[in-house]
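J.: These protein sequence lines are chains A and B, in that order.
Counting in our numbering, the first sequence runs from 6 upward without gaps.
Counting in our numbering, the second sequence runs from 28 upward without gaps.
Treat the hints with care, since some could be wrong.
Derived pair list, reagent style DSS-like, types lysine-lysine, alpha-carbon separation capped at 25 Å [said to hold, decoys possible]:
id: 1; chain 1: A; residue 1: K73; chain 2: A; residue 2: K54
id: 2; chain 1: B; residue 1: K105; chain 2: B; residue 2: K68
id: 3; chain 1: A; residue 1: K63; chain 2: A; residue 2: K73
id: 4; chain 1: B; residue 1: K78; chain 2: B; residue 2: K42
id: 5; chain 1: B; residue 1: K71; chain 2: A; residue 2: K54
id: 6; chain 1: B; residue 1: K105; chain 2: A; residue 2: K54
Pair by pair, the computed Cβ-Cβ distance ranges are [as the list claims (entries may be wrong)]:
id: 7; chain 1: B; residue 1: L144; chain 2: A; residue 2: T77; range: 34 to 44 Å
id: 8; chain 1: B; residue 1: K42; chain 2: A; residue 2: S19; range: 39 to 49 Å
id: 9; chain 1: A; residue 1: I65; chain 2: B; residue 2: K42; range: 35 to 45 Å
id: 10; chain 1: B; residue 1: L125; chain 2: A; residue 2: V34; range: 33 to 43 Å
Quick caveat, the hints were computed from the structure, so don't treat them as lab data.
For clarity, every value in this text was computed on a predicted model and none was experimentally measured.
Glycine included, C-beta positions come from ideal geometry on N, C-alpha and C.
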Amino acid sequence: AQSVTQLGSHVSVSEGALVLLRCNYSSSVPPYLFWYVQYPNQGLQLLLKYTSAATLVKGINGFEAEFKKSETSFHLTKPSAHMSDAAEYFCAVSFIQGAQKLVFGQGTRLTINP
Amino acid sequence: EAGVTQFPSHSVIEKGQTVTLRCDPISGHDNLYWYRRVMGKEIKFLLHFVKESKQDESGMPNNRFLAERTGGTYSTLKVQPAELEDSGVYFCASSQGLSRGYQETQYFGPGTRLLVL
């Protein structure tokens with residue numbers, strides 16, 4: 006069965022430091038990968054998505070993610086954290102076969118320390 | 028352009044009562060999805076409409092949940108009777124409905140926070 010794992014339910018970094026949020030997937034068919042962000046009291050907003058074009062995907066707010074098939078990973082990074090990046094981040098997968106539903110990871114809450 | 032809207036934003040009900048959640052998708056979006064996040068767990072798919080038809084309802088927990096999408100526009104999700112384990116955040120999402128649906132961005136609403144006491 007297809008699944009998504011986000012390593013670390015809570016991640017804390019200092020302002021200006023590198024942000025790295027990990028996402029691994031399990032799938033027997035080609036995946037399509039998404040990162041969503043949820044700010045307090047808001048809905049989920051798409052950060053970026055991978056749909057089999059370039060493996061390095063750039064998103065909004067300076068985030069990017071790299072699809073690595075050999076590692077079944079799609080980690081999210083940002084070179085320099087900003088206080089406004091504090092939010093919960095979700096990795097999600099959809100698959101070419103079957104239904105169009107998204108399968109989500111558990112979410113990672115990112116805290117930025119001044 | 029207005030985003031996905033959901034009503035109410037919060038609902039507190041007692042066990043055994045009925046609650047109806049509403050979702051208005053982005054205008055022109057054929058696909059409408061319902062998801063739920065129970066406290067401390069991942070967001071899970073409930074069901075998927077294409078226009079007014081249920082495309083996939085494999086995630087619906089049991090027959091206490093009834094979803095409708097009248098005329099292919101807004102959707103309602105009714106829980107009757109509500110149980111304690113139904114508490115959580117219910118998200119609605121919509122997408123355009125192009126040919127490669129698995130690649131489409133799903134646009135999410137802010138969610139309805141349901142608490143069953």
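J.: Check the structure against each numbered hint from earlier and tell me which ones fail, lowest number first.
T.: Hint check: 4, 6 and 10 fail, others pass.
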